[in-house]
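Asks: Listed below, chain by chain, are the residues.
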Amino acid sequence: MTMYAAGVDAGSTQTKGIIFDDQMRIVGRGLVDTGANTTKASERAFQAAVRGAGIDPGDVKYTVGTGYGRYKITFGDTQITEITCHAKGAHFIFPKTRTVVDIGGQDTKGIRVGQDGEVADFVMNDKCAAGTGRFLGVAAQVLELSLDDLGPISLKAQRPVDISSTCTVFAETEILSYLAQKKKLEDILMGMHKAIAARTVSLLQRVGMNEELTFTGGVSRNAGMVVALQEAFEMPLNVSEESQYIGAIGAAIFALERAAVAA
Amino acid sequence: MTITAGIDLGTSSTKAVLVNERREILGKSIRRTGSNLELAAEKTYQQALAQAGITAGDVDYVASTGFGRSTVPFRDIQMTDLTAHGQGARVLFPGTRSVMDIGAQSTRAMRIEPTGQVKLLRMNDKCAAGAGTFLVRVAKYLELTVEDIGALALKSTQPQMISSVCAVLAESEIINHVTAGKQLEDILKGAMLSIASRAQALLKRIGLEQEVTLTGGIGLNAGMLQALEESMKQKINYHAELGAYTGALGAAILAQVRLRRLRGGADVERTSALAAAA
Numbered sequence: 001m002t003m004y005a006a007g008v009d010a011g012s013t014q015t016k017g018i019i020f021d022d023q024m025r026i027v028g029r030g031l032v033d034t035g036a037n038t039t040k041a042s043e044r045a046f047q048a049a050v051r052g053a054g055i056d057p058g059d060v061k062y063t064v065g066t067g068y069g070r071y072k073i074t075f076g077d078t079q080i081t082e083i084t085c086h087a088k089g090a091h092f093i094f095p096k097t098r099t100v101v102d103i104g105g106q107d108t109k110g111i112r113v114g115q116d117g118e119v120a121d122f123v124m125n126d127k128c129a130a131g132t133g134r135f136l137g138v139a140a141q142v143l144e145l146s147l148d149d150l151g152p153i154s155l156k157a158q159r160p161v162d163i164s165s166t167c168t169v170f171a172e173t174e175i176l177s178y179l180a181q182k183k184k185l186e187d188i189l190m191g192m193h194k195a196i197a198a199r200t201v202s203l204l205q206r207v208g209m210n211e212e213l214t215f216t217g218g219v220s221r222n223a224g225m226v227v228a229l230q231e232a233f234e235m236p237l238n239v240s241e242e243s244q245y246i247g248a249i250g251a252a253i254f255a256l257e258r259a260a261v262a263a
Numbered sequence: 001m002t003i004t005a006g007i008d009l010g011t012s013s014t015k016a017v018l019v020n021e022r023r024e025i026l027g028k029s030i031r032r033t034g035s036n037l038e039l040a041a042e043k044t045y046q047q048a049l050a051q052a053g054i055t056a057g058d059v060d061y062v063a064s065t066g067f068g069r070s071t072v073p074f075r076d077i078q079m080t081d082l083t084a085h086g087q088g089a090r091v092l093f094p095g096t097r098s099v100m101d102i103g104a105q106s107t108r109a110m111r112i113e114p115t116g117q118v119k120l121l122r123m124n125d126k127c128a129a130g131a132g133t134f135l136v137r138v139a140k141y142l143e144l145t146v147e148d149i150g151a152l153a154l155k156s157t158q159p160q161m162i163s164s165v166c167a168v169l170a171e172s173e174i175i176n177h178v179t180a181g182k183q184l185e186d187i188l189k190g191a192m193l194s195i196a197s198r199a200q201a202l203l204k205r206i207g208l209e210q211e212v213t214l215t216g217g218i219g220l221n222a223g224m225l226q227a228l229e230e231s232m233k234q235k236i237n238y239h240a241e242l243g244a245y246t247g248a249l250g251a252a253i254l255a256q257v258r259l260r261r262l263r264g265g266a267d268v269e270r271t272s273a274l275a276a277a278a
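As you go down the protein sequences, you meet chains A and B in turn. All letters in the first sequence, in the order written, are residues 1 to 263 by my numbering. All letters in the second sequence, in the order written, are residues 1 to 278 by my numbering.
Hints listed in this document are in silico derivations from the structure and should not be mistaken for laboratory results. The structure displayed is predicted, hence computed values, not measured ones. Every residue, glycine too, gets a C-beta built ideally from N, C-alpha and C. One or more of the hints may lead you astray.
What follows is a set of in silico ranges between Cβ atoms, one per label pair, in the way DEER data are often shown [unchecked claim]:
(1) B/Glu147 with A/Asp126: 32 to 40 Å
(2) B/Lys235 with A/Lys182: 46 to 54 Å
(3) B/Asn36 with A/Lys184: 17 to 25 Å
(4) A/Asp148 with B/Ala56: 52 to 60 Å
(5) A/Lys183 with B/Ala50: 35 to 43 Å
(6) A/Arg221 with B/Thr71: 38 to 46 Å
(7) A/Asn37 with B/Met123: 35 to 43 Å
(8) A/Gly208 with B/Gln210: 44 to 52 Å
(9) B/Gln51 with A/Gln205: 55 to 63 Å
(10) B/Val146 with A/Gly58: 51 to 59 Å
Listed below are the simulated BS3-like cross-link pairs for lysine-lysine, each with C-alpha atoms no more than 30 Å apart in a straight line [claimed, not checked]:
(11) B/Lys126 with A/Lys182
(12) B/Lys140 with B/Lys126
(13) A/Lys183 with B/Lys182
Just some of the chain B residues that point at chain A, by a computed CB distance under 7 Å [unchecked claim]:
(14) Cys127
(15) Ala128
(16) Thr133
(17) Cys166
Using the sequences and the accompanying hints, generate a full structural model.
Replies: So this is what it looks like as structure tokens:
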């Protein structure tokens with residue numbers, strides 16, 4: 001009988017669930033907004049992944065929780081930090097990964113990864129919204145756009161504006177003043193993406209940037225951010241279709257390993 | 001009578017004060033700065049003049065200060081906010097040695113000489129945490145007006161602490177407190193204590209010396225003043241009537257000093273005063 005294992009990544013903004021079979025194949029995915037109740041969101045993400053896999057929750061032999069809300073996942077067998085899981089997940093998808101850039105809803109991490117997907121070192125900003133996905137969320141709100149529109153619009157930019165404020169609150173004022181000056185939306189947006197990219201580079205410099213670089217986290221779905229980061233890093237970036245699931249993928253691989261040991 | 005004016009063009013509000021040579025306040029006015037700085041300066045000045053029952057022609061010297069000081073078209077001289085606030089704080093509370101100026105977009109801690117001259121300064125204008133804007137956002141989040149939150153926070157019995165340093169990330173914490181059914185006054189007080197702790201950290205770096213005077217409009221918020229006093233475990237001077245005008249008052253008084261010095265010689269015409277100021 002096939003054995004299944006699950007990874008659940010309870011992030012600040014979204015919660016992700018992944019089911020692996022014992023052939024190391026992803027057979028189910030779940031994605032829900034975290035909202036106020038992390039426990040419930042985790043259950044829903046897990047259930048969605050189980051449904052996607054077409055299996056029974058009882059078929060899942062081992063579940064690993066990760067992400068900032070991992071201790072609120074009540075049904076998991078164990079918890080592993082999101083840093084360890086992101087490194088593992090990035091290594092699984094791009095085996096040559098040596099550096100992971102993870103930009104999430106409320107924090108940004110830089111992880112140096114060893115040959116086997118283990119964490120060699122990491123840096124993190126979770127103290128300040130500048131340089132995180134939250135900055136984009138604030139901008140989307142000010143500009144009355146959906147988060148998904150930001151990237152595609154920003155790619156049309158020809159003369160990106162210069163956002164000089166570090167603080168997200170002050171950057172919001174700066175965006176408003178650019179709007180008042182009738183700057184083009186795409187130029188404002190690309191200016192913001194560049195500002196985040198600059199913050200990310202200065203964070204990553206503290207951990208070292210070695211090829212290959214893999215970009216993970218919800219913000220990696222933003223094509224404008226990918227372009228801005230590539231320019232700032234002066235290096236190509238690996239971005240997977242699964243990039244927002246990478247933490248959950250890493251967790252599911254750990255779950256599979258532990259289920260195998262237990263079996 | 002020698003009349004001087006101080007215009008303090010701040011990021012959020014513009015203040016004007018008119019004084020005579022005996023430092024008596026003849027007129028004062030405050031209004032939102034908005035996007036047209038020149039207009040804000042002009043209107044605030046006119047309001048103060050109207051209150052004093054005089055015209056611009058009766059004013060001997062105008063000093064501007066604040067972030068928009070160089071855009072005040074009718075200024076004779078401009079000075080930094082530090083100089084103006086140091087002087088203003090000393091005039092309001094002669095025992096002042098430390099000044100805490102919490103503005104909309106920046107927070108400053110200063111040590112001043114008995115003369116009002118600034119000895120040491122630390123400021124934060126890079127991050128909204130600890131600045132007045134943070135409080136405005138909190139109010140907006142809780143669907144309250146800025147005027148209401150001060151009195152409401154005074155009712156707090158169990159302040160809900162905020163652990164985030166960042167004003168944006170703090171909002172998530174506030175939402176969590178609201179979702180958890182915490183009282184509004186307790187959430188507000190927690191936000192104010194968080195601003196207070198940032199201001200306190202700044203004051204520590206200049207080496208606190210008694211007495212401490214708070215300047216800027218934020219002191220009108222009784223809850224905020226209480227949060228600062230609780231956080232610092234000491235009395236803080238705040239002039240309820242003139243606290244928001246501290247910068248403008250300091251500028252107006254320094255304009256008197258300047259004018260006296262200019263007139264110290266023989267007959268110095270206002271035109272040469274202008275030349276000196278330029």
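Asks: Quick check: which numbered hints come out false for this structure?
Replies: Of the numbered hints given earlier, the structure breaks just one, which is hint 13.
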